[in-house]
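Asker: These two chains come separately, so use the hints to put the complex back together.
Each chain, letter by letter, is given below.
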Amino acid sequence: MYITKFSRLGAHVIKGLTRGETPTPRVQYTQFLYSRPLQDLKHRFFSSTAAGNAQEGGDEDKEKISVTFVDKDGEEKQIKVPIGMSMLEAAHENDIELEGACEGSLACSTCHVIVMDMEYYNKLEDPADEENDMLDLAFGLTETSRLGCQVIAKPELDGLRLALPAATRNFAVDGYKPKPH
Amino acid sequence: MAISRARAKQLFSRSISSVASNPLHVCVVGSGPAGFYTAEKMLKKHQGAEVDIVDRLPTPYGLVRSGVAPDHPETKIVTNQFSRVAQNERCSFIGNVSLGSSVSLTELREMYHVVVLAYGAESDRALGIPGEDLAGIHSAREFVWWYNGHPDCRYWSPDLKSTDTAVILGQGNVALDVARILLRPAAELATTDIASHALAALEESSIRKVYLVGRRGPVQAACTAKELREVLGIKDLHINIQEADLVKTPADEEELKNNRIHRRVYELLSKAAMSGPSHCYTGQRELHFVFFRNPDRFLDSDDRSGHVAGVRFEKTILKESAGSGKQVAVGTGQFEDFESRLVLKSIGYKSVPVDGLPFDANKGIVPNIGGRVLINSSGDHSQIEGVYVCGWLKRGPTGIIATNLYCAEETIASISEDLETVLAYATSLPKPGREGLLRLLESRNVKVIPFNAWEKIDIEEKRLGSLKNKPRDKLTTWGELLKVAL
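Sequence order for the protein chains is A and G.
Per the UniProt record's numbering, the very first residue in the first sequence carries number 1; after that it's consecutive.
Per the UniProt record's numbering, the very first residue in the second sequence carries number 1; after that it's consecutive.
The following block holds chain G by itself, in its conformation from the complex (with noise of 0.2 Å):
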C-alpha cells in the first residue's frame, strides 16, 4: 500500500518534483536540427527533464556540419545556439551510439520515459530506370557528404578528371549546391572548412561544364532565390538558360501569382537569361539550366565498360494534375541524349527504418500524427507509447534549419499533453535513464563521446584549420575522430 501512496504522490507531483527524486528521462536520437530544437524545447518546458541527446557520429550538429556548403558560413552559426543546449547541466550529448548497432529502439524504450526519434534521412531516392548501378552515378548526398568530409564519405570520390561535363538531376539546393561547389574557383574554396580531400580533387577537377536538369519549368524551379542568386553570380561563369522555356502559360502565371519564392526565382532566372554573353569564351566555365526534361535511362559507354556515358531525356510539357491544381511533367515521346561521364542525382533524401519502428516506405517517414508515433501508417490511430519524430523523419527531406523549430515544437507540444495523460502513469515510475544507457553501452564496449570530446575535435579542427587559413580543417576519418576525442 505504501508503495501505491508513493506513486500516487509521485504522479502529482511530478511538476514540481526535483530532478533529483525523479526525473522525466528523455533520449532524442540524431544530433542534427531537429534533434537540438526538440532538446532545447524539452529543456524549456519540462524543468524535471534530463535529456540525452545520442547520435551514431562522434561528432554533433547533423547536416549543420554534413549538409551545409563549406561556403556558407553564416549558416552554420546556429551550432553556437546548440552547443549552449549540449552544455545544459540537463543535457547530454552522447556520440559515437547507433540506434540498431549499439542499442535497439525497444531497450532506449525500457531506458527512458520518452524517445524521441529525429535521425534524419540518411539515405537517397532512386529514380528507378535503366543504368543506374553503372559506375560515375553518384547521389548528391553522398556527393555533398564527400565535400563535407562526412566520415562515411572519406574514401568515397568522384571521377572529377576523365570528364569535363557533369550532369546533376533535379534543381533543388542540393543540386544548386553541388553545381556550385563544381563551378567555383577553388581557390574560393580553399579558405572555408571544405574538407581538404576534396578540395584537392576540385583543384585538379577538369569538370567546365554543368549542366542542371530538371522536369519542369523554370516556374516550377524547386531551388531558393538565395542559392539561385549565388551560383548565377560566380565569377566568369557562363549561363545558358534557353530562353523559349521562359516562356509562361497561363497555368504558369497562377502558379508564380500563389507563390513568392517561385516568382523571384523565375525572375531571377529570366533577368540571368536576357542579360550576359550569348556565347561564351573557350575554356569558360559553363552553367546550363536545362528544363522539361525527364531522365529516362542511364547510357553505358560504347565499350560496355560499365561505367555510365550519358543520360538519355524524355522532352515533357506540363499538364494540370486531377484535383491538386499543381502541373506535372508528362513525357511528349521526343528523346535527347546528354553525354557525360559523370551524373549526380539531386532528387531527394529518404530516410531508413529501425527495428521496431512503424514506416511509411511510400512517403518514406514514419507514421505519426503531430510528431506521435502510430503503429501503422493506415486508418488505425493508435499510438506506440511514449516514441516521438521530429525533423524528416517526421515530415520528409524538406524544408531549411528554421523548419525544424516549428517541428519540434509540435512535437512537444504532443509530448507534453500526454505527460499529463496517457504517458502519466508510466512517468511516474523511475527508469534508468542516462545512467542505464551509458551502462548497457560500456557492456557492449561501444566507446561513447561526450560533448567535452567533441570539444577536443572542435580544438583540433580549429588548429589544423588555422595553419591552413581556414575556420577548420575537418577530421574525416573515423579513426582520427575517435583517436582525438578519445
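The following block holds chain A by itself, in its conformation from the complex (with noise of 0.2 Å):
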C-alpha cells in the first residue's frame, strides 16, 4: 500500500514536470511520446523523498480544492484536494472506491467519473485523443464523462462534484453493450 501510493504520487511529479515545461495542452502528445520512459521513471521514483513532498509539506487549505464524490448509492463524500493533484489520487488518498487498473497511465478506463455540472466540465480542458480511445471503452458512458487521473486539482475547479457511473446496472447476463454516445 505504502509502495503504491508512492508510486502514484511518483508519476503524477513526474507528469507534471513534464506539462510544465510544455505550454501545450495535456498530455496530446507528452502523455503518447513519454509513456515509456515515464514508466521507468516512476519506478526509480518509489523511494524517492521528492516524491513526497508534492503531498505534504503542510500544504495550506488555500491550496486544496474542495470536491465532492458521489458513489453509487448517491452517498457523497467531500474531500480537499491540493491543486496539481489528479482525482484518481485523490479518490486513493481518502478511501474512495474508484478503480486505477493502469495507475493513471491512460491505458484503460477504470477511473472513469462524471463531472456532474456541465459548467465545470467546460473548465476542464478538452480530453486528449488518447483520452477519448479509454473513453470508448468506459462503462455508462456520458456527455461530461472523464477519466479521473487527467483531471488535476486546480482554483477554478473548487466545488467540482463527480459521480461514480454505476456500471452494474447496465451489465447484462450475455456481454456489456457500451451506450451510444
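These are computed hints drawn from the structure, not numbers from a lab.
Do not take every clue at face value.
With a Cα cut of at most 30 Å, we get these calculated DSS-like pairs of lysine-lysine [as the list claims (entries may be wrong)]: (1) K77/A / K45/G; (2) K44/G / K80/A; (3) K72/A / K45/G; (4) K77/A / K483/G.
Answerer: Here it is as C-alpha cells:
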C-alpha cells in the first residue's frame, strides 16, 4: 500500500513536470511520446523523498480545493484535494472506491468519473485523443465523462462534483453493450 | 441434538463468525482478470471468506501475461493490484493445478462451499471452410501465445521466412495486435517483454505485406481507436485503404450515429485513406485494410504439398438482418483470390468445457444467469448449487480487462444473495477448503506453485530481462518455469 501510493505520486510529479515544460494542452503528445520513459522513471521514483513533498509539506487549505464524490448509491463524500493532484490519486488517498487499474497511465478506463455540472466540465481542457480512446470503452459513458487520472485539481475547480458511474445496472448476462454516446 | 443446535448457531452467526471457526471456502479457477477481480470482490465483501485461486499454469494473471501485447506495458500495470490480492492473508494462489486432470470439478465442489470458474477461453473458433487444416494456417491465439511466451506455444512456430505476405482474417483488436507485431520494426520490440524466441524470428522475418481482412466495412470494424491509431502510426508503414470502401450508406450513417467507438474508428480509417502517399517505395512494409470479403476456402499449393498458398474470398455487400437492425455481410457470388503462405485466423476465442459442467456449445459459454451456473441452457433455470462463472466463460470472449470488473461484481452479487438463501445451510457445514485441496494434490503428486514460488519466477525473469535491456525475459518452457519455482 505504502509503496503504491508513492509510485502514484511519483508518476504524478513527473507528469506535472513534463506538463510544465510544454504550454500545449495536457497529454496530447507528451503522454503519448513519453509514456514508456515515464514508466521507467516512475519505478525509479519508488523510494524518492522528492515525490513525497508534493503531498505533505504542510499544505494550507487555500492550496486545496473542495471536491465531492458521489458514489453508486448516491452517497456523497467531500474531500480536500491539493492543487495539481489528479482526482484518481485524491480518491485513493481518501478511500473512495475508484478503480485505477493502470495507475494513471492512460491505458484503461476504470477511473471513469462523471462531472456532474456542465459548468465545471467546461472548465476542463478538452480530453486528448488518448483519453477519448479510453473513454470509448468506459461503462455508462455520458456527455460529461472524464478519466479521473486526467482531471487535475486547479483553483477554478473548487466545488467540483464527480459521480462514480453506476455501471452494474447496465451489465447484462450476455455481455455489455456500450451505451451510445 | 447438540449438533443441530451448533449448526443453527453457525448458520446465524456466519457474518460475525471468525475465520478460524468455519470460514467460507471459495475456490476460483483461473487467475486472469476475471479470476482476480472475483477474488478481490469476494474478500472485500465477505470478511469470513478464504479464497483460493487455482491456475493450470505456474504463472498467474492469465491473458494479462499471455494476451496483452508486449508493447502495451501500461495495460499490464493492473498486475500490481492483482498481486496485492494474492498477498491478502485470506487468499492463496495455487498454480500448476489443472481443472480436469489435477482435480475434478466434483472434487472441488466437495472441498469448497463456492466454486467460481473463470478459466476463460483457451481454444479457437473455426471458420468451417475447405482447406482450413492446411499447413501455414494458424489461429491468432497461437501467434499471440507464441510472442508472449506461453509455455504451450514454445515449440510452435510460424514460418515467417518463406513468404513476404500474411493474411489476417478479422479486424478486431487481436488482429491489429498481430499485424502490429508483424510490421513494427523488430528493434522497437526488443526492449519489450516479448518472448526471446519470437523476437529472434521477427528479426529474421521476411513478411512485409499484411492484409487485414473483414467481412463487413469500415463502419463495422471491430477494433478500437487506440489499437487502430497505433497500427496506423507505425514508422515507415504504407497504409492501403480503398477509398471506395469508405462510402457510407444511410444504414451506415445510422449505425455510426449510435456508436461512438465505430464513429471514431471510421474517422481514423478515413483520415488514413486520405493522407499519405498513394504508392509505396520498394521494400516498404505495407498494411492493407481489405473490407467486404468473406473467406470461402483456403487454396492448396500447386504441388499439393498440403501447405496453404492463398485464400479465396467472396465479395460481400451489407444487408440489414431482419429484426436486429444490424447489417450483416451477404455474398455476391463474386470471388477473388489472395496469395499467401501465412494465414492467421483472428475470428474469436472459444471456451472449452470440463467434466461435470453444463456447456452451451452454440454460444461457447456455460449457461448461467448473472453468473449462477444453470443445469442446462434450455428454459430450465435450475441452478447447480455452489458453482458460478465469471469472465469469458460466462459471457463469451469479448470485452476488455475492465469488463471483468463489472462481470465479477455481478457474479459476487449472485453469490452473496445465495449465501443468505440456497447456500445458507450448506455453508454452515465445515469444508476442508485449501487444506483438503493441497492434501489431495499431494497424494496425486501434483507440484503446486504458491504465490511466493511464482515470485521466484518473476524475479528471475526480471533479472534475465535486465541483462537484455528488457523489462523481463519470460521463461517459456514448463521445465524452466517449474525448475525456477520449485
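Asker: State for each hint whether it applies.
Answerer: So, going through the hints one by one against the coordinates:
| no. | hint | verdict |
| --- | --- | --- |
| 1 | K77/A / K45/G | holds, 21 Å |
| 2 | K44/G / K80/A | holds, 26 Å |
| 3 | K72/A / K45/G | holds, 16 Å |
| 4 | K77/A / K483/G | violated, 50 Å |
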